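The lines below spell out each chain.
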Amino acid sequence: PNNRPTICTADEQNCIAITSRIHWDVGGYDYRPNTAGTSPQKLDSGENLRRARIGVIGKFFGDWNYALIYDFGGSSDGFGGTAAGSLPGGGTSGVENAYLSYTGFKPFGGKMAIEGGIMDLPWTLDESTSSNDILFMERASAGIIAQNVAAGDFRSAAGTRWWNDQLWLGGYVTGPTTGQIHSASSVTPPGSSEQYGAVVRVAGNPISGNNYSVHIGADAEWLIQPPRNLVTQAQTLTLSDRPELRIDPTTLISTGAIANVSGAQVYGVEAAATYGPLIAQGEYYWFNVDRTANTGLPPFGASSLKFDGGYAQVGYVLTGENHAYNPATASYGGIKPHDPFSLASGGWGAWEIAGRVSQMNLNDQIGQAVGIAGGRQTVYTAALNWYVNNNVRFMLNYLHGDVAKQASATSTADVGSKFDAVALRTQVAF
Amino acid sequence: PNNRPTICTADEQNCIAITSRIHWDVGGYDYRPNTAGTSPQKLDSGENLRRARIGVIGKFFGDWNYALIYDFGGSSDGFGGTAAGSLPGGGTSGVENAYLSYTGFKPFGGKMAIEGGIMDLPWTLDESTSSNDILFMERASAGIIAQNVAAGDFRSAAGTRWWNDQLWLGGYVTGPTTGQIHSASSVTPPGSSEQYGAVVRVAGNPISGNNYSVHIGADAEWLIQPPRNLVTQAQTLTLSDRPELRIDPTTLISTGAIANVSGAQVYGVEAAATYGPLIAQGEYYWFNVDRTANTGLPPFGASSLKFDGGYAQVGYVLTGENHAYNPATASYGGIKPHDPFSLASGGWGAWEIAGRVSQMNLNDQIGQAVGIAGGRQTVYTAALNWYVNNNVRFMLNYLHGDVAKQASATSTADVGSKFDAVALRTQVAF
Amino acid sequence: PNNRPTICTADEQNCIAITSRIHWDVGGYDYRPNTAGTSPQKLDSGENLRRARIGVIGKFFGDWNYALIYDFGGSSDGFGGTAAGSLPGGGTSGVENAYLSYTGFKPFGGKMAIEGGIMDLPWTLDESTSSNDILFMERASAGIIAQNVAAGDFRSAAGTRWWNDQLWLGGYVTGPTTGQIHSASSVTPPGSSEQYGAVVRVAGNPISGNNYSVHIGADAEWLIQPPRNLVTQAQTLTLSDRPELRIDPTTLISTGAIANVSGAQVYGVEAAATYGPLIAQGEYYWFNVDRTANTGLPPFGASSLKFDGGYAQVGYVLTGENHAYNPATASYGGIKPHDPFSLASGGWGAWEIAGRVSQMNLNDQIGQAVGIAGGRQTVYTAALNWYVNNNVRFMLNYLHGDVAKQASATSTADVGSKFDAVALRTQVAF
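Protein chains in written order, with our numbering: chain A, 1 to 430; chain B, 1 to 430; chain C, 1 to 430.
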């Protein structure tokens, strides 16, 4: 598909293909901190190689599927994390996929995959949609923050999914992400135990016809054992995200490291529908963070924290193409232009407009010493997407964002900010 | 072979192939330090992306062979080393192969390769066996420690090997590994001169028939010039290994940095035999470390250190397949299942059981101030290997280990440990 | 070309190819600092994996070209930079190419590419020549220093080039290199704004015949906005290079961080000619660095700095082949041997000898407190190149260098050095 080069044995039972994608972003911010107490005071305009992947995908003996994909890009074009002993990039470069998936077992009139390794988990509707096919340059913050608890990128996991044309069921046990320190005796940086958690998702496509479809789903995620810092014994969890654009990788809303975390749960709902070239989609996530770990560290007896957020978006393909439904991931695919752009043939590709409103609230128990004032971010995004052909896309995004944030749970000093931003993504994928 | 995708010119004189492997490990330790003085006090259970390689292999004008293979995995899924200015992973990610090999010269009724670059050196029988084909998840400690002196992974080397069906001879000059600092004026981390050494191996297959074979060999390795720290003038050598499982990359036995090292030599013997589906294999290595470098640093006049270790292992393929001998590397290959696993055809793949006992003694001159109390590690491993098809293998290992170690050469305080561990490897390779 | 494996759709409008190169260097220095005040006092002999690239190149719908190429090699085989939070390697590993180029627009009787992403910019004649085809192991220092101001490797850029058989015109806006910190609020290491600049090049091939050609060109480069350190507000620029061999990545000439830089300009001329197997080539670059940035930091009122340097080289292919001209980059290509080396056919490949003299002067305003005593480097290089076949080349270089340098602009203490060096490159490319 999409001109992906593939070599198979004569019986088509064994195939190896090469896959790659480049997402290169250029843009600028007009960022306005509300006060001198706001952090950051500045965002960095310029460029970023958001994704730069090379990978190999294989099928063996018909039923065994494999992928090994590395991402050389990242929020700062770079590698690793920001701790001592690591490189810039905010943890956004690394082994994207390294898994084995078995699809030979086909029970209950459907298809089934049993799989393990380093995987992109099809958890949340937005994440189940390929980054090559999403309507906006970045997914909405509520979903990103939800995934990162126990399901985000570069995640070790093992589990199964079953689907037919109407229903999709999946469940996975998840572990740490690649690049984590696995040495329990490391001191710089401190070693930690490995986290584990689980996710399940149920989604369906109950109504569909020639020209329309409806998608609904529900998501649940459990952080069962947070990683424990083996030097300080701390168990923490941080919820945060960038402002739906990553040319500067700085986050505007963040809970900071929530102390003494014993576990967390995230529950969500997803819905979407298409009618010809029109697509509408929304998700909402509720977070609960328990703080009763037996670490001997404060806070003691603090009640659970609750956060929530979601988004609603709509897109319209001006040239009439539509987003097709993909039952294997329970999500919508991208646009294949009827008339790819060509000066010779006169084709102009496909053009799409889209809008989104997104909110994430990381404030809870404000006014109490054990409260969290992570901020409430609201972002409005307008998008123009040009699908040149099946492999090339340009995306133009305009964002207006508002972060309402106070200095701490017990200080009402305003440390919020507002911003406008414009950015262009150049995308190549196969 | 093994469904490796290869593109050749029409005359078959120029070919490029893609190669890849994933080894993903999941497991847990029951680790029991003998006393509170033992280090480490804990090992980290969980998962590790042990190997994640993508590479390109080529043949040009018939006689010139090339490989460039990168390993994105590692003992902590990560990059680089643990020193400041590097990333987690313990030096186990990096350029695995980047070499040119010429095979057009064919003297004395055999085949010959003259080669240089970054190479896996076929030194020791265990190392000459591909990591896709070894019977256990990790090679035995004695061989790993022997290789790391001047022949281990990511090694720069130049040399030659000659072989026919009965005999294999090889010799290489070796240098530093990839990722070493090459700047003599670097201060953080300190620059060092580049080490050089040499290895030779002689191996043969004197007896072989339809259904049986015998392999014998001898190995020698010289660390001729250890790297010299150009800030402190120190010349050190550290011998250590993980406990034959790397989910936690911590080493249990280690000499620490042996001071004032002027050179080191390792000598070993190897033997193996097959009889139908049965394979037996063993190696033993003797180490000698000289401490007479003119660094102006202590110890002065210390005598040479002597260590030794080895292993014996046996495997039996329940389904009847056998490990074939590969004359080009003088080692045994993997199992190709007669009936690959398939629900459709009813095949169950190949099943193998194996056991190994391994010991490495890093104690010498105990009781003297210049002695080394690196510890004596004994590990018993039982394995069950399922060869699903020619590309997919699952390995289940149970280990029981005992590390006898005292606090220092002059303190008999017990800092040893015992452990049991269970681990599962998911392997994909082509 | 050159046995590069390529898979196309049946209509040849969509193609994906794999590309790779290994440059592995081994060599030694006889380095002689003039005094004990010289830095460095030592250079490190040994080996270095100079380039180790794997990449994918694609064409989509006829007119859209893409490349994603990663370099795993580098001046210390490693990754990243030398600052805290980065890895050894001096910034010479990274995403080499990640761009999209459109070639469907063909105005004025020529060809045209409109392109953006991470690119090798065809700026200077030496840089426009592939590293697989350059006559010496390293390009001359004057060109390297010129490119690094705003056009060197791993560069983000967007622009256009137009060419026909006689003329080449190109202009690009350039940004930071990959791996830069993009977070304005980063403190360790300090965040910085992103630099931007521009380059233009005009080159032509006014005289050409069956057996001869003449190339002339002019180059200009502007650093319009240097990166601003957002912690200290400093805007600096460093001009430096290694001594035309990178086994030890240490630089011998360097301006250090020139303070308060508001901008810089580089202007150059290039000329070359071939007559049968003979090739002659030279370039000269003039640098101007303005120091009037409004950083509030010294120096205040310092006048602009002026540096200059260039090289002249000549090569002769003993076996009669010639370097063909490539109009798309306005530079000369490599040698394709008439009789590739083969013991079977008796071919000996192509053999070439070459010599170069190169000088770079980084001294200006000597005797003034605001002057720069970066040193004046003169290097003579003799080369013997063996082109084994279209994919394999060996290069043997002998260098004699002399660095005249004083301790500072106001101290005439001699901190210069002299060196001789011999090095061998093993090169594989397709």
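Just so you know, the hints here were simulated from the structure itself, not pulled from any lab data. Model, not experiment: these values are computed from the prediction. Don't take each hint at face value.
A pair holds if it fits inside one copy or across any two, identical chains being indistinguishable in the list.
[Unchecked claim] Once the Cα atoms are required to be at most 20 Å apart in a straight line, the calculated SDA-like pairs of lysine to any residue come out as:
(1) Lys-418 <-> Tyr-398
(2) Lys-306 <-> Trp-222
(3) Lys-418 <-> Pro-40
(4) Lys-42 <-> Gln-233
(5) Lys-418 <-> Phe-300
(6) Lys-42 <-> Ser-193
(7) Lys-42 <-> Asp-420
(8) Lys-106 <-> Ala-344
(9) Lys-106 <-> Gly-171
(10) Lys-111 <-> Ser-345
(11) Lys-418 <-> Val-370
(12) Lys-336 <-> Gln-13
(13) Lys-42 <-> Ala-113
(14) Lys-42 <-> Asn-65
Each hint, compared with the structure:
Taking the shortest Cα distances, Lys-418 and Tyr-398 sit within 20 Å of each other inside one copy (14 Å), while across copies they are farther apart (57 Å). In this assembly of identical chains, Lys-306 and Trp-222 lie within 20 Å of each other by CA distance solely inside one copy; the values are 14 Å within and 53 Å between copies. For a Cα distance limit of 20 Å, the shortest separation of Lys-418 from Pro-40 inside one copy, 12 Å, qualifies, whereas the shortest one across copies, 49 Å, does not. Only between protomers do Lys-42 and Gln-233 lie at most 20 Å apart by alpha-carbon distance; the minimum there is 13 Å, versus 35 Å within a single protomer.
Taking identical chains as interchangeable, the C-alpha atoms of Lys-418 and Phe-300 are never at most 20 Å apart, the minima being 36 Å within one chain and 36 Å between chains. In this assembly of identical chains, the alpha carbons of Lys-42 and Ser-193 lie at most 20 Å apart only when taken from different copies (10 Å versus 36 Å within one copy). Taking identical chains as interchangeable, the C-alpha atoms of Lys-42 and Asp-420 lie at most 20 Å apart only when both belong to the same chain, with a minimum of 13 Å there against 50 Å between chains. Proximity of Lys-106 and Ala-344 under a CA criterion of 20 Å is satisfied inter-copy only: 11 Å between copies versus 47 Å inside one chain copy.
Taking the closest pair of Cα atoms, Lys-106 and Gly-171 come within 20 Å of each other only inside a single copy of the chain (17 Å); across copies the shortest separation is 53 Å, beyond that limit. Taking identical chains as interchangeable, the C-alpha atoms of Lys-111 and Ser-345 lie at most 20 Å apart only when they sit on different chains, with a minimum of 19 Å there against 41 Å within one chain. Taking CA atoms no more than 20 Å apart as the test, Lys-418 paired with Val-370 passes in neither setting, with 27 Å inside one copy and 43 Å between copies. Proximity of Lys-336 and Gln-13 under a CA criterion of 20 Å is satisfied inter-copy only: 17 Å between copies versus 28 Å inside one chain copy.
In this homomeric assembly, Lys-42 and Ala-113 never come within 20 Å of each other (Cα to Cα): the closest approach is 46 Å inside a single copy and 36 Å across copies. Taking the shortest Cα distances, Lys-42 and Asn-65 never come within 20 Å of each other, neither inside one copy (45 Å) nor across copies (36 Å).
Hint compliance for this structure: hints 5, 11, 13, 14 are broken, all remaining hints hold.
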